[in-house]
Amino acid sequence: MCGPPRKNPGAAATAALASRLLLNHPDAMILALGDNAYNRGRVDEYRDHYTPTWGQPDLLGRTWCCPGNHDYRTAAAAAYFGYFGEPRAGTPQRSYYSLPLPEAGWHLISLNSEIEQDAHSPQLRWLREDLASRRFGPILAIWHRPRWGSGAHRDSKKPRWFLNEMYAARAELVLNGHAHHYERFAPQRPDQIPDPQGTRQFIVGTGGRKLAGRRKDTPNSEYARFDHFGLLKLTLRPDSYRWEFINVDDRVLDTGEQPVNSREK
Amino acid sequence: MEISLTLTDDERHACRRAAALLRALSIGLREIGTRQEADACGGYSTTLDAIVASGECCAVSSDGKVDIEQAGFILEGIRDGLDNADLDEGSDFVQRDIERLNDVVFRYNSAAGKAVG
Chain A
19 MCGPPRKNPG
29 AAATAALASR
39 LLLNHPDAMI
49 LALGDNAYNR
59 GRVDEYRDHY
69 TPTWGQPDLL
79 GRTWCCPGNH
89 DYRTAAAAAY
99 FGYFGEPRAG
109 TPQRSYYSLP
119 LPEAGWHLIS
129 LNSEIEQDAH
139 SPQLRWLRED
149 LASRRFGPIL
159 AIWHRPRWGS
169 GAHRDSKKPR
179 WFLNEMYAAR
189 AELVLNGHAH
199 HYERFAPQRP
209 DQIPDPQGTR
219 QFIVGTGGRK
229 LAGRRKDTPN
239 SEYARFDHFG
249 LLKLTLRPDS
259 YRWEFINVDD
269 RVLDTGEQPV
279 NSREK
Chain B
29 MEISLTLTDD
39 ERHACRRAAA
49 LLRALSIGLR
59 EIGTRQEADA
69 CGGYSTTLDA
79 IVASGECCAV
89 SSDGKVDIEQ
99 AGFILEGIRD
109 GLDNADLDEG
119 SDFVQRDIER
129 LNDVVFRYNS
139 AAGKAVG
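Just so you know, the sequences run in chain order A and B.
Position one of the first sequence corresponds to residue 19 (the working numbering), numbered consecutively onward.
Position one of the second sequence corresponds to residue 29 (the working numbering), numbered consecutively onward.
One or more hints might be untrue.
[To be verified] Computed beta-carbon distance windows for the label pairs:
1) A:Glu-121 / B:Ser-82: 47 to 57 angstroms
2) B:Thr-34 / A:Glu-275: 45 to 55 angstroms
3) B:Thr-34 / A:Pro-22: 50 to 60 angstroms
4) A:Ala-186 / B:His-41: 16 to 26 angstroms
These are computed hints drawn from the structure, not numbers from a lab.
Even for Gly, the Cβ is constructed at its ideal location relative to N, Cα and C.
Let's have the full structure, built from the sequences with the hints guiding it.
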């Protein structure tokens with residue numbers, strides 16, 4: 019999201035918006051969805067571009083993240099892991115993690131879409147174990163590369179492995195970046211069949227990198243904006259979640275609320 | 029960081045086809061006077077050619093991995109252009125090659141993560 023201003027014109031404004039939102043919600047978490055420092059995720063790019071904006075102490079101390087493809091343009095995404103540290107990013111060897119959100123009663127999972135994620139990969143084995151042993155039912159997962167998308171890069175087949183596990187666990191929410199626009203999908207199965215008890219995917223690639231336009235129409239896409247930098251504000255409760263996409267002028271462009279998926283007791 | 033990767037037949041064929049497209053694009057870009065972009069595309073095709081030439085097992089550097097990823101992004105544009113022109117079969121063909129290039133990139137990233145441990 020951060021880099022030279024000519025190609026990353028929205029980073030300072032979205033960071034300022036995040037700071038304003040934190041004033042009213044000091045305990046909120048910030049989830050950074052990868053590609054945090056352009057163009058190669060180098061130490062100097064984090065220092066020169068991320069730190070002055072999203073890396074300010076009020077924001078950085080509340081940030082958890084997942085790596086993007088540009089972070090991996092530095093070998094093993096070393097600068098990314100070094101900048102955020104293990105509790106907030108994992109390590110080059112185990113670049114995925116989870117944590118319970120006791121106050122909300124949700125389970126947060128951060129996955130790495132930039133490494134192997136097939137059925138027999140260590141990451142997918144870990145994911146299955148993590149989902150089976152989680153403390154709270156409702157699930158929010160983040161990874162960089164979206165399975166579905168109407169903007170630049172369009173769909174990516176690989177994350178279907180993640181989505182299969184998410185759907186099997188009745189995960190509520192998946193947040194992705196990679197494409198530089200905002201898009202909300204209806205809850206659906208991994209094969210794009212609408213399902214009210216399915217997983218809802220958001221693309222929130224509006225953190226600062228120059229925006230890109232629509233490339234195609236994607237089934238179950240409920241709302242998309244290609245013309246606003248902004249942030250997705252999620253309010254998680256044990257029995258429901260609420261979303262607001264807020265642009266850098268503090269205008270709410272998309273909002274809604276939904277109960278969590280039903281689960282066997 | 030140089031990583032030794034074993035490529036599948038599909039991945040090698042995808043690299044070969046991507047190299048051909050990028051070489052043609054580089055020639056066209058040079059003809060219309062965009063030298064920097066022509067050089068970049070030419071560099072990506074050279075990297076892919078080297079991977080194909082090295083056979084089943086190849087050494088990929090960190091810069092070479094970025095070249096493969098960049099090649100995939102340029103193929104996304106070719107795919108979208110073919111799609112816009114209703115040349116669906118070509119678009120699907122290119123899409124499959126993009127996925128194979130991404131497979132190589134993901135495998136490089138996984139191996140690089142293990143190598144620093």
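Okay, the hints, checked on the actual structure:
Range check, A:Glu-121 to B:Ser-82: Cβ separation about 54 angstroms, and the 47 to 57 angstroms hint holds. Taking 45 to 55 angstroms as the suggested C-beta distance range, the pair B:Thr-34 and A:Glu-275 conforms, at roughly 49 angstroms. Under the hint 50 to 60 angstroms, the C-beta atoms of B:Thr-34 and A:Pro-22, about 38 angstroms apart, miss the expected range. The hinted range of 16 to 26 angstroms is not satisfied by A:Ala-186 and B:His-41, whose Cβ atoms lie roughly 34 angstroms apart.
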